[in-house]
Structures are given as structure tokens and as C-alpha cells.
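Here the structure of chain A is known, so what remains is to put chain U in place on it, guided by the hints.
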Amino acid sequence: MQLTMGESLLHGVVAVLYLVAAIASLRYLVSNRDRARLLSRVCVWSGWGLQAGLLVWLSVKAGRIPVHGLSEAHLLLLWTLVTIYLAGAKRWRLEMAGPLVLSLVAAGYAGSFLWESGLSYDSPDATGWQGVVLAIHVTTALIGHAFFILAFAIGILYIFQIRQLKSLRPSGLFFRLPALEDLDQLNLRAVVIGLPLMTFSMVLGIYYAAGVQGLEVSEWIWHPSVVSSAFVWIFYTALLSARLSARVRGRKVALMTVLGFIIVILSIAMACVFAPGLGTS
Amino acid sequence: MSLVVVGVSHKHSPISVREQLAFSGDRQDEGLRALRTHGVAEAVVLSTCNRVEIYANVAAGSRGEEIVEFLQEFHGLEERAFEQYLYRFHGSAGVHHLFRVTAGLDSLVLGETQIVSQIKDAYTRAASQDAAGRVMHELFQAALRTAKRVHTETGLGETLVSVSSVAVDLARKIFGRLDGKGVLLVGAGETAELTLKHLLQSGVRRVLVANRTLENARRLADPVDGVALELDAIGESLPLADIVVASSGAPRTLIERADVERALKLRSQAPMFFIDIAVPRDVEPTVHQLDNAYVYNIDDLEQTASENLGRRHEHAGEAERIVGSEVERFVSEWRSRCVEPVIKSLHSSFHGVAAKEVEKSLRRLGDLPDDAREEVRYLARRIVQRLLHEPVKQLKQEARDGDPFAGSQMVARFFRLFEDAIGEEDSSSEKPGQTQPQEMS
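Note that the protein sequences, when read in sequence, are chains A and U. First residue of the first sequence: 1, per this note's numbering; consecutive thereafter. First residue of the second sequence: 1, per this note's numbering; consecutive thereafter.
Derived from the structure by calculation, the hints contain no laboratory data. Cβ atoms here follow ideal geometry from the backbone N, Cα and C, with glycine treated the same way. You may find that some hints are simply not true.
Stated by the list, open to error - Partial pick of chain A residues on the chain U-facing surface, computed with a CB cut under 7 Å:
1) Asn32
2) Leu165
3) Ala179
4) Arg249
5) Arg251
As the list claims (entries may be wrong) - Chain U residues, not near chain A, derived (Cβ > 10 Å throughout):
6) Lys11
7) Val17
8) Ala41
9) His96
10) Gln118
11) Ser128
12) Glu193
13) Arg219
14) Val227
15) Ile343
16) Ser348
17) Leu388
18) Gln409
So here's chain A without its partners, still in its complex pose (with noise of 0.2 Å):
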């Protein structure tokens, strides 16, 4: 499905209003100006509430909930990330995190334009309960992936907070961030909560292969995208065991998020190069 002009044009809003709320929430983290933290709200939310309406226009046009291809699912990732943000903006304090969250998702969308694909929408390659399977499968590998990436921005706010304790002169920010303790729970409840969505997506793409599509094992687990997937679902079952056991904790396990982090990235990477054809994570 090819956006029109005036589609692609609110895209382009959308990441424009997430690029001033990531400046302005770095601002207000800095300086403590309300102002700045009213632009970033405002932003923020008109940014998410176009999303949404584009995403919901999308669907309708398609007949259908827009996860049938990379593009289209990774646009939903920046959108669930942003949900997640704004949900836990006053609960977990996720606000302090807003310039690195918020720079990722105007990263994310910049690096849609410059996507050989751009903002097309792919064409849908499952229908009816295949299709239903499918979108469960990729929502919930999305949305796993947007706590992932939460957690990375929740470690390195950790390790910035270690430094400044470590370093023995805390500046006056360390003193506005969330302590430690805090950060560190929030990490946990990050993976705590990514973990089992990603398992469950998995369980799903393994039934969508075998049980749907009718695919040998063979013919499926060494797909890129299948390997990829195991290799972030494997890191991050052995990072929250390791939490959990208390063998690993504070600044190792926010490292560990930050190398998670990567291999999220790597992983996403790999299914845009190699696996366009069976299914996004």
C-alpha cells in the first residue's frame, strides 16, 4: 500500500512534533522550566494522537491492522514505544527519560525517510485467521520490543546516575533523575514485562510457520528473522534469570540492557535485510 502525498506529509508531522518534544524535554530536564516541559507534553501527545489517526485511517484503507510489513511495523513500534512512554510518564516517572525515549522514536522516524522504502505501506500477505495470527504475532513482537527499548533508555539513565555517584561531585541533574533503586526496579519491570510477549509472539510465529502456513522445520528455523528473534529471546531470558537469582544487579544488568538494546537493533536489522517474507521480528 503506496502513502499519498498528504499521508507521508503527516508522517512527517508527526516526527517533527517528536523531535521538539525530545528537545523540549531535554530542556526541562536541564533547566526545570515548565514551559518546556508543557511543549514537551503538548508534542508528545499531538505527535501520538496523529500517529494513532494515521495508523487508524491506514487500517481502514487496508481493511486491516497495519502490521503485514517491515515498514508497517516498525512505524507501530515507534507508536507502542510512545504509549508506553506516556502510560508510565507519571506512574514509573518515565518523564526523566523523555529525551532519550522520545530521541529514539524522531531517530526511528528519520530513519524511515531515509528507508530505501520509505513510509510505503507493504501489501498484505496473509488474509483471514492467517492474517489474524499474523498481527497478533507481529503486535506482540512489537510491543516486547518497545519494553526492550524502554529498558535500554531506563540503563542509561542507571549508568549516568552510577557515574555521577561514583565520580563523588553529583551535578544538581543527578539530583532531578530517579534514584537508583528506582531506575533499577524500573529496568526490571521493563524485561519483566518484554519477556513474555516476546515468548508468547514467538510460540505464535512458530505456529503461524508450522501450524498455519504448514511449513517443514526446515524450511523455517534457520530463517534469519526466526534465528534473530531466538538470539534476543535467549539474551534476555538469561538477563532476567541472572536478575532474578540476584547473581547480576545494578550497573551490570543496566549494561546488559544497553547491549540488549543493540542486539534488538541488530535483530530488526537483520529481518529488514534478510526476511522479508516471514514476519517482522
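Using the frame of chain A, we list chain U on its own:
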């Protein structure tokens, strides 16, 4: 009537003078009542460790002499030696002073917020004694609003500047909530006690006190349901402590790296914060290199406190700018309101004259339909409104920009306002004594 501020503060007077002039407890109520007998219409007495100030609404032209007399009489001082330490502010300078004091810009510790509640209390006390009226109400409400704006829009009060408060703040930045956390006190110095007090206020519940003498350990531990230990037991009790406050001053380090490594392992790597205020140090410095262990010694805490104070100074300029603009706005609004009685009287006078003349004409015109009579009355009112529109606008503008009284006094004189010259219809006009605006220039 006008605003005057008379007082002494830590900046210009020694504590011996502030002690002499301080109002403690009920003496403050007594003072507020006594001020009335000195010709003060309204007053608020602010008495803290660092300042004693009287904010008063006094007769126009007063330089606050009656307040100085009151201070001497009330405190039974034979001489006026204290007078050399007194400062006095009048009108808008007084407003500026109050706004600065409330924002913490005149405090011993720049930007501290305790003064806000002290000023609130002082005002509430004055209001409860009927000593604070409209002037004080508006003045103090504006001052509190300004302080809130300063603390919201600048980082003035954001960082803490005493060693014990910085230590507690750092603990909060490590653990988040301190509810239920355990603290181990090694030694029982004064700063350690103060830090413990702050930690308990922040929610810390489990307290262990290790000291050379068990007796001294019990003295600190018992009142807070803590456990007293001997110094030898530190190693065993370390895993139970999230926060360690060390101040023993022992000649050798009491907490070794190996002890902390073992404790961290037993605690499943849950973080530990060591506040080492002992000289020589109680905690081996290399403990800070361990993951999830943070050691701040007295120098680090003092340095952080001093940097925080420096950050406050960086914000002071912005805070002064906010105070300046708020003072300007308050004074301008106040001045504008000063001419309100004159404007009211002017309207009343003109409408009175117009109505009188209209009725005379209507009597002469004889039988006119009711709607025609009403139309004539409406026309007269419209003419008066149109005629007064521009002069009233100018009067308000002049009051805002310059002397609030010059224009209004001239208008009052020209039109003989407040002198019952208008006739029966003007019986509701306020008398000079009732309506004279409060000076704020």
C-alpha cells in the same frame, strides 16, 4: 496610610541584639495588641532566629518612629542602642524587602524554604489577633505567591546545602524511598546523630548503633527502638544495613573492603551507602570501587554541599529578577487601586449632578411618555460615561506610572469630592478617612 518595615537581621546585627528584640510565643500576640496603641493600623511581627521584623501599616509620612518607640517600650530597653542596627524600609522598598525575605534571598542559607512557613505563621498569627487587615493580607499573599514562583521557576531551593541533609538526599537518590531501610551508626558524633535524625524523619526504621562503649550505644539506640552493639559486631551486622553512618574517630579503619564484599554478597548485591564523617576515616576508601557500594566522606559531603550552595547562587540572579517584576506588578496594581475611591466618587458626583438636572428638566417639560423620560435619563448617563472615560483612563495610568496621589488629589480638589458638595444624592460617598488609599510609593 503607608507601609513601613522596621527590623534587624543576621546580616546587620549580632545575636545579642536580636535576642533583645525577639518576640517569643505569646509575647508576639501581646506585641501585636500593643502596636495598636502606637498608632499602627495593621501589623505583622516576624520573629525567627535570624531576624526580627515588624511590617506595619502606619500614618502617611511616618518614618517608622512609632515602631522604634514600641520596640523600646515593649522590651523594656532603657537605651536605644539597638537603633544603630535597625533597618527601615518604606513603601515599595518595604514590599521588595518582604518579597526577597519570603523567597529566601535574604536568608543566612540562600534559598532556604523554612522562612516561607515562618512568614505564613507570622501572618496567620497577626490575622488571628485582628492585627492584619486588607493591606497586610494582600501584601503577604503576594509575597507567598512570589516565593512559590521563585522556587518553581528557578533551581534556588532545589539542592540541599548542609552536610547531614546532603547525606540524606544522596541516600534518597540511591534507595528511592527510605521507608523500612536499615541504618548502622558507627560511633555517636553530633553530625551522626543529626544525620540519624534526618534519616528517621525520612522513614528509616531499623537502627543499629555500634560504639566503643555499649552504654553510649544504648543511649542512642533505645529511644528509637534500635539495637546497641559493640564495635566488634560491625562485620556481622553490616549485611543488615542499607546505610552506614560512621563517625567513631577510631585510629584505624573499622570497615574493611572484605567486610563490605561479604555483606554485598549476603545482600544479593543490594546497594549500600556509607556516610563516613569520621576523621580519621572509618571506612576503607577502596570500598567505593565496589559495585553497588558508595562511600562519601566528610570532604565529599562538604564539597557537594558547597557546590549545591554555588548552584543556588547561580539561580539567585533569576530569582531577584522574578522578585523585581513581582514587586513592580504588585506596586503598580496597588497604585492603580489607590485611585479607585476617587474614581468612584467622581462617577457618583457626575451622575448625581446629571440626574438632578435631568429631573429638573423633566419636571419643566411636563407630561412626557414614560419611555421618553427613560430615554432622556439614559442619554444623560451615557454622556457622563463618555465624558469621564478618558480622564479616568489617564488617572489610572498616571497612578500606575508615577505618583498615585498627585492626579487623584487634583481631581478631588477640582471637583470637591469627599466634601458633601454634591448634595443629597451623594450620601453614599466615602469620607476621606475611610477611603484614603494606602501609600505604596
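Going down the list of hints, with the structure as the test:
no., hint, verdict
1, Asn32, "holds, 6 Å"
2, Leu165, "holds, 5 Å"
3, Ala179, "holds, 4 Å"
4, Arg249, "holds, 4 Å"
5, Arg251, "holds, 6 Å"
6, Lys11, "holds, 27 Å"
7, Val17, "holds, 37 Å"
8, Ala41, "holds, 38 Å"
9, His96, "holds, 25 Å"
10, Gln118, "holds, 25 Å"
11, Ser128, "holds, 34 Å"
12, Glu193, "holds, 24 Å"
13, Arg219, "holds, 32 Å"
14, Val227, "holds, 24 Å"
15, Ile343, "holds, 37 Å"
16, Ser348, "holds, 45 Å"
17, Leu388, "holds, 41 Å"
18, Gln409, "holds, 43 Å"
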